[in-house]
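In case you want the letters, here they are:
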Amino acid sequence: MRIDQSHRPWAVATVSILLVALLAYIPYQLFYPGGPAGNTWPGLCYGVLGYGMMLFAGLLGARKRVPLWRIGRAQVWMRGHLWLGALSLPILLLHAGFRARGPLTLVLAILLTVVVLSGITGALLQHFIPKRMTQVVHLETIYEQIPHVREMLFEEAGAIVDSLCAVPANLPAVASHSTPAAVAVAEDSPSDLTEVQRANLLHVYRSGMVPFLRDPEGNRSSPLSSRAKASAWFDALRRQSPPSVHEALSDLESIFEEERQLIIQRKLYLLLHGWLLVHVPLSVTLLVLGGIHAFVAIHY
Amino acid sequence: MARIRTTKNLGQRVDRTYLKRLYPIPLWRRILTVAGVLVALLWLGIYAVARNQTPYTSGALTPAHAFLGKKCAVCHGDSAGIGKKVDDRQCAACHDGPVHQASATFNPACVSCHVEHRGDVRLSAGIDAGCLQCHANLHTKTGVPAVAAKIDSFANHPEFAKKASSKDATGLRFNHQKHVGELSQKCADCHAPAETAQPASQHLSKGGGRVSSHALITIPTYAGVCLPCHALTIDDKLTELAPHDKPEVVHPFVQAQFTQYIAAHPGDLGKDGAPGSAKAWVDFKVAAAEKKLLEETCTRCHTFTAPQGFATAAVTPTAIPARWFTKGSFDHSAHKELTCASCHAKAATSTVAADVLLPGIGVCRQCHAAGSASAGASCSTCHIYHDWSKEKPVEGKYVIDQVSRLNP
Chain A
1 MRIDQSHRPW
11 AVATVSILLV
21 ALLAYIPYQL
31 FYPGGPAGNT
41 WPGLCYGVLG
51 YGMMLFAGLL
61 GARKRVPLWR
71 IGRAQVWMRG
81 HLWLGALSLP
91 ILLLHAGFRA
101 RGPLTLVLAI
111 LLTVVVLSGI
121 TGALLQHFIP
131 KRMTQVVHLE
141 TIYEQIPHVR
151 EMLFEEAGAI
161 VDSLCAVPAN
171 LPAVASHSTP
181 AAVAVAEDSP
191 SDLTEVQRAN
201 LLHVYRSGMV
211 PFLRDPEGNR
221 SSPLSSRAKA
231 SAWFDALRRQ
241 SPPSVHEALS
251 DLESIFEEER
261 QLIIQRKLYL
271 LLHGWLLVHV
281 PLSVTLLVLG
291 GIHAFVAIHY
Chain B
301 MARIRTTKNL
311 GQRVDRTYLK
321 RLYPIPLWRR
331 ILTVAGVLVA
341 LLWLGIYAVA
351 RNQTPYTSGA
361 LTPAHAFLGK
371 KCAVCHGDSA
381 GIGKKVDDRQ
391 CAACHDGPVH
401 QASATFNPAC
411 VSCHVEHRGD
421 VRLSAGIDAG
431 CLQCHANLHT
441 KTGVPAVAAK
451 IDSFANHPEF
461 AKKASSKDAT
471 GLRFNHQKHV
481 GELSQKCADC
491 HAPAETAQPA
501 SQHLSKGGGR
511 VSSHALITIP
521 TYAGVCLPCH
531 ALTIDDKLTE
541 LAPHDKPEVV
551 HPFVQAQFTQ
561 YIAAHPGDLG
571 KDGAPGSAKA
581 WVDFKVAAAE
591 KKLLEETCTR
601 CHTFTAPQGF
611 ATAAVTPTAI
621 PARWFTKGSF
631 DHSAHKELTC
641 ASCHAKAATS
651 TVAADVLLPG
661 IGVCRQCHAA
671 GSASAGASCS
681 TCHIYHDWSK
691 EKPVEGKYVI
701 DQVSRLNP
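Chains A and B are the protein sequences, given in the same order.
Letter by letter, the first sequence follows residues 1 to 300 of the numbering used here.
Letter by letter, the second sequence follows residues 301 to 708 of the numbering used here.
In case anyone wonders, no lab produced these hints; they're calculated from the structure.
Source: prediction; values computed, not measured.
There's no promise every hint is true.
Said to hold, decoys possible - With a cut-off of at most 25 Å between alpha-carbon atoms, the simulated SDA-like pairs for lysine to any residue come out as follows:
id	chain 1	residue 1	chain 2	residue 2
1	B	K320	A	P67
2	B	K385	A	S254
3	B	K627	B	G676
4	B	K320	A	I142
5	B	K450	B	G660
6	A	K267	B	I331
7	B	K308	A	I142
8	B	K371	A	K131
9	B	K320	A	M152
10	A	K131	B	G660
11	B	K371	A	F295
12	B	K308	A	L23
13	A	K131	B	L310
14	B	K627	A	P33
15	B	K450	A	P27
16	B	K385	A	I142
17	A	K267	B	T333
18	B	K592	B	P528
19	B	K320	A	R266
20	B	K450	B	R665
21	B	K627	B	H668
22	A	K267	B	K320
23	A	K267	B	G311
24	B	K371	A	T40
25	A	K131	B	G311
When you get a sec, could you build the whole thing from the sequences and use the hints?
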């Protein structure tokens, strides 16, 4: 979610609540017998407010699980999650009087800090990375489909090479053509390559292209992992081939460009969603421990 | 044929079953979420099985209460609930807390002054806010506070009562200037170092405040301080000195001394204008000696009313207090690094014993001011809330096994 002008009401409300809480804290700090602590009435008020904000922020997960629930717009929930979640940290610091003296309260303070900081990191990543993704990954696909798409690109590349090397009937096919694109390529297979050129292309395919297509992220040293090097690599192939196969070679080159973009997309995706591996588990743990802390603290 | 990305092409590439599978990030998110909650519950569960409530403490207990740290209910009771504080009865199970003042309009709860769970602090000291509940705007049952009605900090504390009075009625004559200035005596020559223990009775102030046995300066006594220079010589013929006592005790002593002397030296009868009979000689000598005592020796320090002679003279009672701060608990031993004159500057120029030589509160404030570098400016630095003169002994109720079971 981009943090833009539409967040202004939430930002104003958050800053206003924080200012009121800070102003109320001043006389509380100066005059309350024994000083600020979580078990005083003002401290309990801060605690209930802060835990309420945490709960609201946590309910975003439930809201996402049941998108058909018509309890407010998803956008409102997301903005509330961002701003109230961030606000819960200072409010709960006021609740605790800026101290964490017990083991459970210390764990809660650490969890809350990590959760809020990871959330802020996530919000910044969500703000910048989608735009970056649009700029550098023109051939973006559904993230979960990337392994499947890679299999199809591998087949398509094999079909193109098959079509270029298919004249001798006794030459084995380099790939089985199960995908529509690969079948289409295999059926349209004119080739003016000499036997030497075919053998050369097959060698290049097996030793250069296949390893990269099989494990694009594990072959960083391959010339095909860089657009400039790949371009030079394919230019050299074109120079050794008749013009009639140049278009097929350009198709092959475009397959490798798509592979490279999938690498970038995967990296950006991991960056965009990886922080959730910290944020979500710790948030749930925080809510559970926070509930236990509230129960025990109120009881005693 | 050139590769063209059409919607159809892209659509044909999609594996439509992908939504049914969990991919790494969502899968690990779930695994870590469950693991995080389980680890947290396991942590608390281990303590719960051991019946140990340490994780829930809101802070470390003072060392004296540390053995109670695993059982919240020992202090908090079983009837704890929202907004409920530790009941005074829980404290009274082990501690006596004598009342502060009979005229106080209410007795605050123990925990409003003695705030636990703050680590290794002096819990008995209480907190200023506890005192300020009343003393910031004091009202009493009698309607007339015996102390200043509005004290909200040491900066606003009134001048010490003894200092505020202009003269001190000691009943003595003493010239500090002569002794310290002209004779170059040191303070410690007369005022015994604070290390000398005081009688136990002096450890309680009028307000019941306890002070350390090394807190006070001893009261100078004649025998301990004055005698070497100010001997109570009766007569050149006698080797015995007069006792430092009331005239009715001194008079028979002097009579007995002269009677013994003339019995041993009958040749002195009639000499130097003295009477010739023993009884008249004794009366003559006693009268002369007592006149000298009354007009020269004793009068150096004491004042008398003696309308019918020495034997019936009334000495003005002396009143050097053992404790000058009767409502506070000043500790000289805590200030022994300072020179005497740094606080008692006027001692070197004082010529009469009635001068009040206590330092004013301004001297204290030079070190005991608010701020991080302060030597302490809280109420409990000088005052003690409970009137320990009314302390009731607490009878022990526990045996070691019971106590050790609280902290297995």
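The hints, checked one at a time:
Annotation: proposed proximity of K320 of chain B to P67 of chain A holds, straight-line Cα distance about 17 Å (limit 25 Å). Only pairs whose Cα atoms come within 25 Å are accepted, and K385 of chain B paired with S254 of chain A is rejected, the gap being roughly 74 Å. Proposed proximity of K627 of chain B and G676 of chain B is supported: the alpha carbons are some 18 Å apart, at most 25 Å. Note on K320 of chain B and I142 of chain A: the hinted pairing holds, with a Cα-Cα distance of about 14 Å set against a maximum of 25 Å.
The straight-line distance between the Cα atoms of K450 of chain B and G660 of chain B is roughly 19 Å, inside the 25 Å bound, and the hint therefore holds. Restraint check for K267 of chain A and I331 of chain B: the C-alpha separation of about 22 Å stays at or below 25 Å, so the hint holds. Taking the CA atoms of K308 of chain B and I142 of chain A, the gap is near 15 Å; set against the 25 Å cutoff, the hint holds. Proximity of K371 of chain B to K131 of chain A is assessed by CA-CA distance (about 56 Å); at most 25 Å being required, the pair is judged violated.
For the given pair, K320 of chain B sits about 20 Å from M152 of chain A by alpha-carbon distance, which is consistent with the 25 Å threshold. Between K131 of chain A and G660 of chain B the CA atoms are separated by roughly 73 Å; this puts the pair beyond 25 Å, and the hint is violated. Note on K371 of chain B and F295 of chain A: the hinted pairing holds, with a Cα-Cα distance of about 17 Å set against a maximum of 25 Å. Distance hint between K308 of chain B and L23 of chain A is unfulfilled; the C-alpha atoms sit about 61 Å from each other, more than 25 Å.
The hinted pair formed by K131 of chain A and L310 of chain B meets the criterion: a straight-line CA distance of about 22 Å does not exceed 25 Å. With a CA separation close to 23 Å, the supplied pair K627 of chain B and P33 of chain A stays within the 25 Å bound. In summary, the hint linking K450 of chain B to P27 of chain A is supported, as the alpha carbons are separated by about 19 Å, within the 25 Å threshold. For the suggested pair K385 of chain B and I142 of chain A, the alpha carbons sit about 58 Å apart, so the restraint of at most 25 Å is broken.
Taking the CA atoms of K267 of chain A and T333 of chain B, the gap is about 23 Å. The hint holds against a cut of 25 Å. With a CA separation close to 19 Å, the supplied pair K592 of chain B and P528 of chain B stays within the 25 Å bound. Among the hinted pairs, K320 of chain B with R266 of chain A is consistent with the structure: their alpha-carbon atoms are about 20 Å apart, no more than 25 Å. Our distance criterion of 25 Å between C-alpha atoms is met by K450 of chain B and R665 of chain B, whose separation comes to about 18 Å.
A C-alpha spacing of about 18 Å is found between K627 of chain B and H668 of chain B, which places the hinted pair at or below 25 Å, so the restraint holds. Restraint check for K267 of chain A and K320 of chain B: satisfied, since their Cα atoms lie roughly 23 Å apart, inside the 25 Å limit. Restraint check: the Cα-Cα separation between K267 of chain A and G311 of chain B comes to about 24 Å, which is no more than 25 Å; the hinted pair holds. Restraint check for K371 of chain B and T40 of chain A: the C-alpha separation of about 21 Å stays at or below 25 Å, so the hint holds.
This hinted pair checks out: K131 of chain A and G311 of chain B have alpha carbons roughly 24 Å apart, not beyond 25 Å.
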